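Asker: Quick mapping for you: the protein sequence lines, in order, are chains A and B.
Just so it is clear: in the first sequence, position 19 is 20 by the working numbering, and no numbers are missing.
Just so it is clear: in the second sequence, position 68 is 76 by the working numbering, and no numbers are missing.
Be aware that a few hints might be false.
[To be verified] Restricting the straight-line Cα-Cα distance to at most 25 Å, the calculated cross-link-like pairs of lysine to aspartate or glutamate (DMTMM-like) are:
| no. | chain 1 | residue 1 | chain 2 | residue 2 |
| --- | --- | --- | --- | --- |
| 1 | A | K63 | B | D24 |
| 2 | A | K63 | A | E114 |
| 3 | B | K464 | B | D24 |
| 4 | A | K18 | A | D156 |
| 5 | A | K18 | A | E5 |
| 6 | A | K76 | A | D156 |
| 7 | A | K117 | A | E215 |
| 8 | A | K63 | B | E546 |
| 9 | A | K58 | B | D24 |
| 10 | A | K189 | A | D156 |
| 11 | A | K117 | B | E541 |
| 12 | B | K296 | A | E114 |
| 13 | A | K58 | A | D158 |
| 14 | A | K76 | B | D24 |
| 15 | A | K63 | B | E216 |
| 16 | A | K117 | A | D74 |
| 17 | A | K189 | A | E176 |
| 18 | A | K217 | B | E541 |
| 19 | B | K464 | A | D87 |
| 20 | B | K296 | A | E300 |
| 21 | A | K132 | B | E541 |
| 22 | A | K117 | B | E92 |
| 23 | A | K58 | B | E23 |
| 24 | B | K296 | A | E179 |
| 25 | A | K132 | B | D372 |
| 26 | A | K132 | A | D156 |
| 27 | A | K18 | B | D297 |
| 28 | A | K189 | B | D297 |
| 29 | A | K132 | A | D116 |
| 30 | B | K296 | A | D87 |
| 31 | B | K296 | A | E176 |
[Said to hold, decoys possible] Label-pair restraints from in silico Cβ distances:
| no. | chain 1 | residue 1 | chain 2 | residue 2 | range |
| --- | --- | --- | --- | --- | --- |
| 32 | B | G322 | A | D121 | 43 to 49 Å |
| 33 | A | T6 | B | Q535 | 33 to 39 Å |
| 34 | B | D372 | A | R81 | 38 to 44 Å |
| 35 | A | Y17 | B | I531 | 22 to 28 Å |
| 36 | A | S167 | B | W32 | 35 to 41 Å |
| 37 | B | T94 | A | S167 | 42 to 48 Å |
| 38 | B | R34 | A | Y17 | 28 to 34 Å |
| 39 | B | W32 | A | G220 | 51 to 57 Å |
| 40 | B | I531 | A | K63 | 41 to 47 Å |
Treat the hints as calculated values from the structure; they're not laboratory data.
What you are looking at is a predicted structure, and each value in this text was computed from that prediction instead of being measured.
C-beta: ideal position from N, C-alpha, C; glycine also.
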Amino acid sequence: MEAETLIDIQNLGHRYKTHQALGGVTFAVQRQSIHGFVGPNGAGKTTTLKVLATLLKPQSGKVSVFGHDIVADRKAVRRRIGFMPDHFSMYRQMTVFEYLDFFGAAYGIGLGERDKIIGDVLALTDMAGRKDELINGLSRGMQQRVSLARVLVHDPDLLLLDEPASGLDPRARIELMEILEELRRLGKTIFISSHILSELATLCDHVTILDRGEVKYTGTMRGLVATSDGLTATYQLTLAAEHPPTSDALARLPGVSRVTAPLPNEARYSLTFDRAQLSPNAILRTVLEAGGEVVSFTEDVKQLNQAFMDLTEPGVRT
Amino acid sequence: MSSPLLALFVRSLREDARSRATYWTRGVLGGFLLLMLLGFAASNRWSNAPGRSLFTTIMISQLVALTFVGLSYFTSAIAEEKEEQTLGLLRMTGLSPLAILLGKSTSRLCGALLLLVGQFPFTIIAITLGGISLRQIIAVYCAVGAFTFLFCNLALLGSVLARRGPNAAIFCLVAMAVFLGGAPLFLLVPSAARSVLGADSAIDRFLEWWWNSTPIARLQEVLATGFSGAPIGWQVVSNLALGVACFLLAWTVFERFCDRAPESAPAAGSPPRRFFGFRLRRPPRPWKDALLWKDFYFLCGGYAGFAVRFFAYGGTLIPFLYRSGGAGTQFGIMRSLFTSIVPFVFSVDVAAMASRIFRSELHDQTLTDLAMLPLTMRHIVYRKALACVLAAAPGALAVLMAQGFAVSLFKSTQSSLAGAMSVTGMNGLMIMQMCGSWVHVALLVYVVAWLSLSMKRGSLALGYVLTYALNIFLATVIMAAFAATGFMRMAAASRSGATRINISSFLWSPILTMAISLVLIWIIHRQGPRRLETLAAES
């Protein structure tokens with residue numbers, strides 16, 4: 002069964018005074034997916050997100066969200082989306098509860114229902130214990146959680162998140178990603194932008210890469226890896242200790258094109274192999290049969306970055 | 009010039025020289041002066057001293073403009089660095105406090121003084137219109153220049169002492185109010201009470217010395233017919249000395265007040281809300297109209313702010329209730345004072361709200377969040393404006409009562425004027441003036457709110473200056489037109505033997521001013537929400 006299209010962008014164009022921000026952008030986002038939107042600085046990600054959030058009117062092309070035209074049915078679209086901009090925008094003199102309560106009331110949610118919803122979103126973002134604190138006193142990561150909670154207050158089906166992890170420390174990033182995973186399980190569709198592809202690699206099932214206002218790739222994350230390097234794959238294997246028989250066995254496997262030697266004092270191998278001839282399972286089985294003690298076996302994220310580098314042009318947009 | 013002491017000062021001067029705004033300001037000022045000149049040349053044909061009238065109007069306008077614009081322009085010198093937490097970075101470059109004070113303040117003073125110098129050739133034309141001499145013009149410029157010097161350095165002191173720009177502006181405003189209004193207020197104290205202090209004559213001499221230090225007294229003296237004094241008087245010397253004292257004081261206390269760490273975030277736990285030092289309860293749950301609730305509580309002070317306004321404005325009405333006091337008594341003077349002060353304070357109050365209503369959203373970058381609500385921007389603007397109207401209600405009521413009192417005063421004097429003017433005409437004039445004052449406040453609010461969309465600070469001051477300049481300009485132009493037609497009709501009526509003045513001609517001035525103001529309000533009203541939508545998308 003074909004997945005339902007939630008966002009449909011056809012030939013979207015937008016020009017600012019001095020430069021063309023978007024030139025014929027076309028892609029779609031499926032329901033209940035986490036769709037990454039990646040591109041270097043100045044690629045046009047925020048412009049696209051603002052168009053989707055109904056803040057900017059498209060100058061050319063057609064954009065529909067939930068089947069509604071974003072220009073003609075702006076109000077209907079706004080009720081069903083939650084937009085988190087790339088800057089910290091908050092009423093810092095309010096407490097966390099007051100802030101969420103205000104937006105709940107502004108969306109016309111009744112008092113009783115509001116209490117339940119706010120309780121739920123606070124629990125989801127793990128902010129229930131800090132609901133009476135002033136926003137001004139919260140850390141950046143906490144403020145980002147509150148911002149996400151605000152986006153969820155009116156229970157939108159689609160979340161538009163513009164670089165939500167920027168400026169967060171590694172722990173806060175991981176925690177944010179966990180919340181987004183949880184939201185997907187709750188049936189939300191998430192459209193998330195970032196200029197770091199590897200950050201979204203484990204989270205997103207679909208990705209669109211934008212560069213200089215043009216779509217360079219749109220499709221599944223797996224497809225992105227395939228387009229970058231044909232049918233080969235690179236995996237990182239880490240053993241508990243250096244084990245020459247394992248590396249020899251791997252090098253002898255048909256389809257393996259390269260096995261890099263471990264670095265001094267680090268039993269870590271990089272394997273490049275042909276997907277058509279060999280599967281990761283077969284590799285892992287070979288390692289275990291050779292007596293290697295596996296610590297980790299993961300696909301090389303660097304390849305995603307390489308794909309990104311191959312698709313986007315070098316230099317800064319002027 | 010490579011001296012580190014002047015590095016910041018030279019950079020500021022260079023920035024000013026390269027900024028288009030500098031030339032636009034001078035160009036607009038020059039154009040304004042030329043239009044005023046044309047207006048006066050047309051309308052004061054029958055006046056004995058049109059040159060003096062023109063020059064007086066220009067210089068009083070400048071003093072008002074200087075006070076309002078200076079409040080934000082001069083007071084932000086150091087305070088803006090504190091607010092943006094960049095003062096520490098400046099200190100790290102090795103700049104001394106003196107270099108920072110010179111760089112941040114003296115360049116602004118130079119800008120203001122250059123503005124005065126730049127208009128000198130225009131105002132000197134007033135001599136050709138008659139009624140004023142070159143000596144008087146130079147003396148007035150010296151007086152205004154010295155006052156600018158004092159004002160700039162007082163603002164610098166406030167900027168050093170205060171943590172934030174608005175606090176510095178309040179400090180400067182209070183200090184200026186005391187300086188300019190202190191002597192006249194002391195004179196309101198009955199002489200009997202002053203003699204109780206035992207040194208009546210010494211106090212009087214002190215008050216005279218004080219009053220003569222103000223630019224108001226100096227302008228009165230210089231602009232009087234037959235002035236032949238020195239261009240540099242006591243006011244100039246005292247203002248310069250006070251200015252230097254303020255600068256030295258700012259330099260002395262700089263380390264103490266500018267090395268403090270920025271205000272840290274409040275500690276976790278129950279958040280305190282304070283209003284003039286009093287601990288306040290948190291606001292109640294949002295009303296059904298959440299936007300109205302937010303701005304009423306978080307922008308206008310909520311019920312605490314409402315109560316303060318209610319008692320403050322209510323207090324000003326007490327003198328009106330003293331029916332027994334005649335016009336010549338102290339209460340009579342106070343009543344007359346409050347008739348003009350209450351509307352002025354109200355206009356400042358509502359204009360201050362207007363300057364923050366959208367600026368606070370832009371500052372907190374929350375306009376995008378509001379724009380995402382399923383409401384039109386126009387609806388959002390209305391809800392926010394309604395919150396301000398609710399908060400300003402006590403002030404509006406006080407103004408209405410003050411106007412009512414003014415009408416009753418006018419009625420009591422009507423009988424003496426009834427011979428010269430028709431009662432209907434006088435009532436019409438009164439109503440027009442009252443309506444005109446409300447339209448003026450509305451225009452001020454709209455202009456300030458509009459300016460605040462593009463100005464980080466100073467929208468309130470510039471709004472005042474622009475609306476004041478517009479009023480002066482319109483009055484001049486309308487009076488010029490009226491002079492060309494109205495006086496001729498009056499002269500014709502006089503020749504035909506009519507005993508009463510046809511006051512309908514006088515009504516045209518407020519009517520036309522109101523009409524033009526309403527057109528401007530309508531334009532801003534139409535464009536405002538669109539501009540906000542653009543800003544929400546751009547932020």
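Asker: Compare the structure with the hints numbered earlier in the document and write down the numbers of the violated ones, lowest to highest.
Answerer: Failing hints, ascending: 1, 2, 4, 5, 7, 9, 11, 14, 15, 16, 18, 20, 21, 22, 23, 24, 27, 28, 30, 31, 34, 37 and 40.
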